[in-house]
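One-letter residues, chain by chain:
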Amino acid sequence: MAVVLAMTVPAYVVSAQSPGKHLLVGQVKDEAGEPLPGANVYVRGDIRNGTSTDANGWYSLELPDGKGLIVEASFLGMQTTSIEYIGQAEQDFVLKADDNMMMEAVVTGRQNINDVDIRAKAGVINVVDVKRMQDKPMIDMSLSLQGAAPGLVVTNRGDLGTKPEIRIRGNSSFREGDTANEPLYVLDGQVISSDAFMTLNPMDIADIKILKDAVACALYGTKAANGVLEITSVRGTNGETLVTYSFNGGVTMRGRRAVQMMDSAEKLELERLLKNEEAPGYRYSEDYYRRYFPNDPNLDQMIAEGAAILDKLRQTNTDWFKTLLRNDFYQRHNLSVRGGTSKTSYYASANYSYQGGQIPGNDVSRFTGRISLDQAVGKRGYVSVSVNGGYSKANSPNGSSYSPSSLVYELNPYESPTSGELWSYPDRTYDDLVYQYDRTSTEKRFGTTASINLEPVDGLQVDAVAGIDMVLSESLELVPSTAYEEINSGAAENERGRLTKAKNTNTNLTTNVRITYNKIIGKHDFTVGANTDYYWDDIDNMSLTGYGVGTQKSAAAINQSLEGSRKLSTSNMHETTAQIGIGVLAGYTFDETYDIFGTYKADASSILPKDKRWNAAWAVGAGWDVKSYFKDWRPISSLRFKASYGRTANLAGVSPSLAVATFSYLDDSYGDTRLLELISLYNDSLRPEQTVSTEAGVSFGLFDVVSFDIGYYNRVTEDALLDVPIPASNGFTTLKRNIGVLSNSGIEASVFAKILNLNDLRLNLRFSIAYNRNKVLDLYDGDRLYTGEDTIIPDFEVGKSYDMLYGPISLGLDPMTGLPVFRGGDGREIQADETLTRDDMVALGHSVPPYSGTINLSFTWKNLEFDADFYYVFGGVKQYAYSYVRYYDDANKNAVKGQVQNMWFKAGDQDKMYHTPFYSSSVIENLTAWPNSKSIGSSDYLRLSMLSLRYRFSEKQLEWTKGAVKYANVALQASNLFTITRYRESDPESGSLVGQQQPVVTLSLSLSF
Amino acid sequence: MLALAAATGCLDIRLEDQYSDPSAINSVQRARELLSSAYNSLPRIQVELSVLSDDFVPTNLSGSYADLLNLYNWQERAIDDFSSTVWMDYYMTVATVNALIPRLENVTVEDEEDETALSQVRSEALALKAMCYFDLLRLYGPVWTDENMDKDGIILKDRLELQFLPRSSVRDCISEIDGLLKEALSVENGTSEVYYLGTQAVNALKTEVELWKGNYKEVIKCGLPLLSDAESRWTQTDYDNLWSDSESKERIFAPYIFDTFYTDLCYDTESGDYYILNDDIVFDEGDMREAWTVWQFTMSADTDNPRPVRNMGKYNRLYYEDTEVRYINTLRYSGVCFAVAEAYARDNQEPEAIALMNRYLAARGAQTWDLSSDPALTGDGLVEAILEEKRKEFVGEGTRWFDLKRLDGDLPRYSNFGNNISSTIKAGDYRWLFPIPRSEYRYNEAVHQNPDWPVIAVE
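Protein chains in written order, with our numbering: chain A, 1 to 1009; chain B, 1 to 459.
Worth flagging that the hints you see were computed from the coordinates, not collected in a lab. Backbone N, C-alpha and C define an ideal beta-carbon position, used for all residues, glycine too. Among the hints, erroneous ones may be present.
Unchecked claim - Label pairs and their computed distance ranges (CB to CB): (1) A/T837 / B/G379: 50 to 58 Å; (2) B/P454 / A/N295: 49 to 57 Å; (3) B/D279 / A/R314: 56 to 64 Å; (4) A/D826 / B/D178: 49 to 57 Å; (5) A/D826 / B/E445: 22 to 30 Å; (6) B/D410 / A/S569: 45 to 53 Å; (7) B/E445 / A/P360: 52 to 60 Å.
Okay, chain B solo, but in the shape it has when bound (with noise of 0.2 Å):
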């Protein structure tokens, strides 16, 4: 028996398109694919998060995509079978960064270049990781303030294999996340490649964090350092290129992508679109983010009942222009200015505040701002004048929902076109929280639903 297990050798078939384990990730370039997987599996959530938010007002056409009209008017169903994608394509990327990090041990390493490289994926694994469980937790925790640290949080995974886990606390979360932030940080990491996490990307995301947390000297300590020299990003060539295959100094992270992207928005290129601007949003004379973001569109052009629109621009009219979109920015400069300028005034530093944004819209080509002639600019409206700044530099992306939920904020609900307001969800509705979807609480006991959102019994 003893020969016939030797001989058994010949059975160890090594797959050619195929890679197993012991050996399946032994190499930097291996783990770099493997990470890149993960990368690529970062759900693309935001024509989603714009609809939930007051980015934008249904049309005469939002009716025939009900699912989307259903999630625009916040129904519980539609929230839900939102909820359950996102939940798992974000602990997708969470498992394959589980498969990554234990097999990076046995990556053989030639020389410098290899280690460096492997701390690299190492520290981005890490970033990417804390990434998502900062989405998920803005998604279905409630926000951070004192009185909810102990409420549930999201689920930790550590390891890739079969788990019943329960929500850890928000404590814990946070925790969490700061501690794969730091460990990332502790690797220098310059990638040349925007849609890495490198260390510019790893700060702007505490930034991000820090914002959250409230803790804001740390967010001017950890974003401030980013912005110096954020006026040679800030140019209109850069601004252009952001909706563009070219390269723009504005991107910090961007998620490389060869799929259609922001295709929901359209109903079709003669009708017109699903969802418009906001009129609330509007832009100075000169600004430069007008020419991307409002796109002056004529519905159903041809026929008895042309409407002249304001269209969601940026990728949506990429979309109709039939141009690829390859990189979606995600983290931005002008994210870490608001960041930073939003801490500055809760912080009581309102001149630097404002000097920051003037910075920033004088390199918009907006009015800057002077409070000698603007008595407004200060305490809560110096921070509700930033917000709107925000609104308008990343309407249509995805941030303005997080924005909403963390400053607890009533948010209207329009009929077509905007005409008027035709439901309010209040602060503190239990739909701030997404719902935990079927496919986690329905094989998992010890998983507890947020407050309010029905759990389905089979029984």
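Only chain A is shown next, with the shape it has when bound in the complex (with noise of 0.2 Å):
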């Protein structure tokens, strides 16, 4: 059979018609509908005259005049397909799985393992589109996917560097956090950690597979009850060698405005108004020294002097937005090397990327590099190795206690950074606030994966996948003897100047071992399986916290003489786990119509005591393929059901302290014995979540013009676990417990139409919707749970959504007391100063919006391609901080604008947004502890998350440089241009003032040799 080159960079055939030749268009898809880029093809006999297809699967073919011409196209591991050239202008090819090709199509095999094809059909996975993701530029590989699939929802959390929150359909447990919640990563077989993954090179990826249900999921056993981020690295071809660099450069943008604040005029007139004498605007007001000096003969004087000093204040106007923040740039080399033979392939890479963030001071560097070998072994296998490194580096000016971002929001605009003592800062200069913190946290990762792949009889496959993969992340803090809050730390000279400094090792080992046979007979397709894996986890972490440094951001620099508070200490924390497990699969198709799948995996881990080791997760799926019924009917391109269930056990985030007494050092002692601590209350009876996904789905197609796909699930987590509290008579005050049910359900959907599907001129457009809705279904102890003391609001309810956010109604503020009044659960009016009962609390609504989803539109005329990417949320509402909002006490700070307007200060002030400056503490909780109908807002926000504008130029264009450039391009890429929303404050995505995610636009150029 012919070996068929796969080149899978992205190639584009001129399309101008000259005369005598026919224009043949069209795409080549998988049989489940996916495009195949990087397809063949070709006209039978004469494969010069082919040509490949685009990412989208896109292809555009020259032919000679003349009728019977064969045309074939053929993709690895796939049938070859031909057809019949009678002179229409359109053909599409559907290449049906080929597993006997495989073994002479050399190349690359399945480097996922677990990436049965049997699991395909019924299991719910989305591919994510690769080239969208590399067209953006952005450093952040875990950002760049937000939007990449319906049902993964991507969070950014803070500036840049941060890591973003990654989920699949939501939170599986009551717990917060990643540990508990974050997906599986998985990069060729080997099982990755998040952090590894954030810092791969999105050039290097050639596929990821989200993988959400419990049937596609099933596979990998406990460890995927969050659910897996499959990825494939890219590999070497069997063709000529291509050598391609590309070049993204270009600017990044301060970004939006989270509020705007007050010119001088106005917040010198707010200062008079709010009566703090810290405030020059009180300070030095007529109002001032009337009060103070009724009697001074010297009155007049005093006034006029103050009246000059507020107006030479007021002659400056500071933009600290402007001031503070910057734009910086953004840049990504990347070098790769890609080639072979039939018996072996090879594919290097070498990438360098660069962003700054808004703040000087952060910003985040990279370095990657990949190398991977595919050899044939004899005529029936072939072995792969690769090799992968990466460094990246992350700096950042805003620490715990301390951030710069926010001056943004507190200097006044008469100040200046040369100003000399600030009036927001009492006794501190603006040298005293910049330069106070630096943190450098870098990442130095070290992967390498080794599979072989067998197939010794017809059928029979085996394969097996090895790898270990190694982050090691640092980080040094420093707050140098020059900040303020060194200087004022009463500590000697020689003790100034903190330094942390810390090493977190993490190693994660996979093994895992597989055997598929398949056999058909007649329409009888079966194939029946088994593995055994191993994973191993080994988190390493110290750390040091010394003073004494000076400004020097050294360990060494540590004053290893000082006793008391300012002793150096360290902390260490080594947790090793392994998982061991044993898997099962068997699945059925017939007639290629009906088929069914069943899997299940046994898992024992290190995590939990010998007889509860154990633990199994298990699925099975069914799908009907109703197109096989009516082949021919065109209106219908494709129809097909499936639906599945399973049954996982969740370990994530569970350590072995939690189930038996452990005890651990602490750094301190008692005389001269060490002491050893009981890490925390254990709970013997303590049992694994377990994950029960329901899923049922549909995709069809109208005319091979529009395509759509709906799912519907339902994930029920038993013995969800949480730290709640218990009497402290137990000597801890809480202990982790199997509390109650919860589940995730939603609907996932998206609608993919050709628009536009003529020769030169393309437009496709895709919009996506995921919806998720969480609810706690049963708590073991009783209807509510409260996990403080004093609270009045539960923080999970049977029958609520467990974020929802809770709070009274306000009936805005009473004129007369400038107060806010509430409406009582009877309905009732409450003043500020009552006491509000859990019977006033209403659902405010989510906090985690339910909705949200993309809009991908790809427009290609000619050589040109245009696309855009829409992310949007809605549904969720998220509560105003207020945070520059001033009163008394506060009134030396910068203030929002409109505030002197919008604020009550007398008694008859009518329909004023915040509540008086003057109150007592008696009101302070219902002011500060609960959000209230009025100071939420709609968290709803669409965002241009991508945009590209490329031109490729043809092998025409490229003609004068005789063969050495094969492809180049350049394009015009933007990510993040613009956020559309009606929140009034700040990012509607990370709720803070600061950390938004920026705008970047660049150039780039690509060219292939």
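Once you've looked at the hints, go ahead and assemble the two chains, each given alone in its own frame, into the complex.
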């Protein structure tokens, strides 16, 4: 059988029609309807007269005049399909999988050996459009996945370099945080940590699959209860060596102003009204002098002098947004080499990227390298080896107690970097506020994977993979001796300057051996398989904090002679866990119409004590391809139903000390004896959470123009774990217990439409939406659970969503007192100084938006490609922080524009937004402890997350290079250009004034030699 | 499957820096280390208890530390907040002891030395638990009169596991404490470390417990042997060394600390303290206690309004002088002396009481007592005089509040600098029993709040 090249570098053939030539266009897809990029389309017997499909599976082929030509489409691992050319302008191809073909196709086999073919039929798997991801000029691999698949929700949490939150179909646990809810990351069959994933080079990735339901995930066993991201790397080809260099360079921008702040005139007027003498607007006002020096003979002179000072202040109007934040630059250099023969192929790449953040001192840079080699072994197998490594570095001036970004909203417009001692920060100058803190975190990643794929007899496949992935995360934090905090710490000069150095090593080891046997007897297609895998995970953390380093960012500068609170301290944590598993699977397909699939996996984990060690994950799924009944009826181009059910134990976020008594040493000692401490109260009846998933979906296509995909899921987590409060007489105040049942259910839908499909002009649109609803189904100890002693709002309540924001209904401000009035549960009015009860609290909205989705637009005209991605979320609310609204105590910091107009100052002020600045402590709780119906806003937003305009040079245009340049394209690319939202404050995504995703605009050039 | 189950031996991963059951506590050394963390978690509430008693009066600075001032004024909320950390810390110590005791069975003992060391660990653990219960019962329970015996005492925890236990009666609590002390005393533990509860310390503790029971004969029987060589412990050097990191023979039990201690009294080293000594506390000339107790200080010395005052000395002075504290003197020989003297006085052995007190007073350089020249030194007058000396000895060390509660007296609250009495906490006031904290009753329906304390309902 013919060996066909698979060129996955997007190539585009000139589509200008010349006389005597005809153009044939169309798309090459697999049976599931997914486009096949890099498939070859050519005239039989004349392989030079051929082309390959682009990233969306499209091709355009020039044919010589003449009927009766046979056009073939081929793709690795697929049966070659041919049609007769009878003058049609358009022809699509659907290629079927061909297992026999694989042996000879060499090049690459299945790296992710759990990606068995039968799994794809019943499971819910989304394939990420890697090309669009690569088009986003963003350094953060995880953030660039935002919107990549319905149900995969990526949320930015802070400034550049901060790890975003990644969830597949919401939190599966009551426990918040990444350890309990993060998906599993698998690169070429090897488990990697989320930190390692973040630093991958997007250009090295050929394919990312999002595994969502039980059938898709069950092969990974109990590790996969939160879903899986299965990543396949780019491999070599068996063709000519192709060297590709691409460059992206551009600017990163300040982004959106979170809130507009006051100018000097308004600020000084506000200060006068707030009557705090710490602020110049009052201190130098006539009001002040008349109040404190009413009988002073020099009163008039004092007033005049004060007015002069205020006039002078009014002259200055510093825009701190522009002064403190900056535009910076973005660049990415990527060089790759790929090629090989029918026996051996290789791929190597090197990448350097840099992105500057909004605030000086915040940036991320990264180097990565990757080499992979695939070698055929005999006629029935091949081995693959790959090595990859990376170094990334993030700098940030924002610390936990101190953030220069927030100064944008604190410094007064009448102050400037050179104005000496600041009113907003008494006793400090501008220089005492910047360069206060500095953190560098680096990640060094190393991974190697080896796999072997054999087919000793027809239909029997033996696959094995082994690999190790290591991430060394280091951070270095410095509060220099020149920082205000240190100068005023009371420490002697040689004790100043704090340095924290931390090293965390996370090592993942994976081995997985899988045997699959497939046999086709007539219309019956059987598959059985078994595997055994072993995962080993080692986390080794150590950190030290010392003082006396001065301004030197080095642990060597720590003064080790210090005693007391500035003594050098260290901490260590080392935890090794392992899991061994055995799994079986079976699948059956009848007449390519009905298929059923089942899998069972038992995993034993070192996390739990011996008697609870074994836990299971199993799933069954079925599919029905209705289209096979009316294969030739064009209006319905595809129709397929599928459903699945599965059950998985979840050990994420469970550590050995939770189930058995575990002791560890403290830093301190008692006399000359070390302190051995019980880490936590253990729960010997602890059971792993059980995730039960039910799934049903349908996909259909109309006239090959529009295709729909709709799925419903319900994932119930039983025996959900949470740290719950317990009576203090137990010696501990919390205990991790199995407390209840929760569910995530939802609908995911996408529509793909080929709106225009002309020779030179194509317009495709994809629209997707995901809806997730979570609910507490049961709590084992009563209907409500409070995790705080004083809370009147339950943290969880049966029948309610667990991301609900609770608070009272506000009836606005009482025009007489200037304080909010609430509506009680019984309908009566409640004044601000009364104590609210549980009955007065209502659900104000979801803190996690239940709806999210994307709109992807692709437009091509001749050699020009235009792509745009919009990402949207809606249905959620966020509480306004109102941290920029100033009251008496913080009158010396800048305030939001319009506050003078919108604040209640005196009895009779009507319809004001902000309550009185003068209030007693008896109302504080009602003012600050909860959001209310008026202090929240919808967090809906629509973001233009990617924009790309690309021009591909045709072969003709590159002729002058005499073949030196094979492909070339230039592009204008941008990410996060704008966000439309009704949220009045800051960023609706992160909810903080600082740390929004910044816009980046770049120019890119890609050349292949 | 069976073969696989065997193969999972590779999953018995030993944690490098953590010790898990079943072999977590497998050596005497490790048992001792766990016990040490129990010692280390004993609450350090000397400042708060002194503020609650009549040791101190406020100053013009007291208002700047609202929480402590509210505590001084016995405000419900402040006592409630304080109570919740006290309850938590004592029960944490109890939990650690409960973690230790059953695990002592698995400790491998190689020789007789190990055997002895192990029995000492066990004895100390029991004594430590008794000490926690004794403090908790005095703080949260009523005084130990016959009519109070069936009232709610404290929660008795025997196991390290989640339990929702009711409070036991005062009677049961006392018998639990007695049982623990008896068992602790069954082992001879002549430890050389003053921060461990050796036999001497357990006897001193027992003396205190018997005094609370009003079991005076037992106080004398238990306490007197400890005082046989008391004079050699009451020297000037030993007294001075109490407030240093040097050895003092006056200490019986003094938990060891590395942290700072007694930092809450000082506003800043220029302006002065939030609280100063009560003017009631006066010493005879030549009384060696005065130099360490009364610390003459001028508040705001550099300003226009300097004010000479009598600051609290002892640990507070060490804080000013930036000297590290290593020992928190918790049980002292002079404490045993006061217990025995009070027991003598109440047990109609007044001459013995005076004789014992004179041994002590002479050693301290104070005026000794003579019934013929001071006829008040009999009956209640004698008891009062003993308690007055006890107050002088222990001012600022947190013992006074317990005596005030036990003896059922009124407690005056003073205005700034003790100029006048602003209010009086009456004997029998509900606040003499600390409130059961929310962290307990919110999650434990079996527990009842003390009388008159609010239960914050959440519905």
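Evaluate the given range 52 to 60 Å for the C-beta pair formed by B/E445 and A/P360.
Holds, since B/E445 and A/P360 (Cβ atoms, about 57 Å apart) stay within the stated range.
Falls inside 50 to 58 Å, the C-beta gap from A/T837 to B/G379?
Given range 50 to 58 Å: holds, Cβ gap about 56 Å.
C-beta pair B/D410, A/S569: status relative to the range 45 to 53 Å that was hinted:
This hint holds: roughly 48 Å between Cβ atoms.
Tell me if the beta carbons of B/P454 and A/N295 are separated by a distance inside 49 to 57 Å.
Hint holds: Cβ distance 51 Å, inside 49 to 57 Å.
Measuring from beta carbon to beta carbon, are B/D279 and A/R314 in 56 to 64 Å?
Given range 56 to 64 Å: holds, Cβ gap about 57 Å.
For the range 22 to 30 Å, tell me whether the beta carbons of A/D826 and B/E445 fit it or not.
holds, 27 Å
Quick check on a hinted range of 49 to 57 Å for A/D826 and B/D178, using CB atoms only.
holds, 54 Å
Going through the hint list in order, the structure satisfies each hint without exception.
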